[in-house]
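Enquirer: Generate the whole structure from the sequences, applying the supplied hints.
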Amino acid sequence: DTAVSQTPKYLVTQMGNDKSIKCEQNLGHDTMYWYKQDSKKFLKIMFSYNNKELIINETVPNRFSPKSPDKAHLNLHINSLELGDSAVYFCASSLLGDQPQHFGDGTRLSIL
Amino acid sequence: DQQVKQNSPSLSVQEGRISILNCDYTNSMFDYFLWYKKYPAEGPTFLISISSIKDKNEDGRFTVFLNKSAKHLSLHIVPSQPGDSAVYFCADSRKNLANTGNQFYFGTGTSLTVIP
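Residue numbers (this note's numbering), protein chains in the order written: chain F, 2 to 113; chain W, 12 to 127.
No false leads were mixed into what you were given.
Each computed BS3-like pair below joins lysine-lysine, with the alpha-carbon atoms no more than 25 Å apart:
#1 F:K45 <-> W:K16
#2 F:K72 <-> F:K20
#3 W:K106 <-> F:K72
#4 W:K16 <-> F:K41
#5 F:K41 <-> W:K82
Everything labelled a hint here was simulated from the structure, so no lab data went into it.
Expert: Here is the structure:
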């Protein structure tokens with residue numbers, strides 16, 4: 002039983018396309034996150050949701066739109082993909098916003 | 012604006028010896044510090060944490076030390092085992108400016124290889 006699962010694991014697509022990454026957690030956690038790990042291995046927070054409400058929104062282009070239909074799901078939709086969006090995207094969850102996070106295994110996004 | 016730095020990208024240690032991983036931070040507002048371990052093709056896994064009111068926390072073979080005056084955090088693994096070979100990330104946390112949640116800042120990781 003995977004605690005935090007994200008799909009797909011790999012995503013290869015053309016520049017300009019729109020794509021979504023899904024994330025689900027079965028831990029009963031209240032807070033969910035999206036992180037981006039770039040080519041320099043720098044893991045940077047993008048968004049944080051608590052009980053379906055956005056609480057952290059870092060300086061991320063508005064082509065990225067998170068959607069939380071319920072507190073167990075936080076999906077990431079990306080419009081008009083650019084070469085610089087190539088990265089590994091990690092979803093995570095925590096019981097509360099100040100607790101250690103449980104991470105998914107990442108989605109490797111490659112833009113051609 | 013890298014607020015958390017792990018200056019050693021890699022470290023090799025003989026099995027049975029001590030591994031010491033280091034992390035420096037710039038923001039004195041950080042009040043909670045964590046270490047994560049990451050295997051290839053997997054997400055980071057929480058290892059150990061320390062609050063800013065402490066200077067040491069121990070869990071089995073893993074000990075984290077916090078030196079607030081030097082803004083320095085270290086993870087000691089003793090004895091090191093081959094299964095400890097992974098990338099280790101330190102992360103620091105503080106309330107965000109809007110006080111609506113915690114902001115976590117991660118280092119770029121140190122790849123540890125434990126040689127049998």
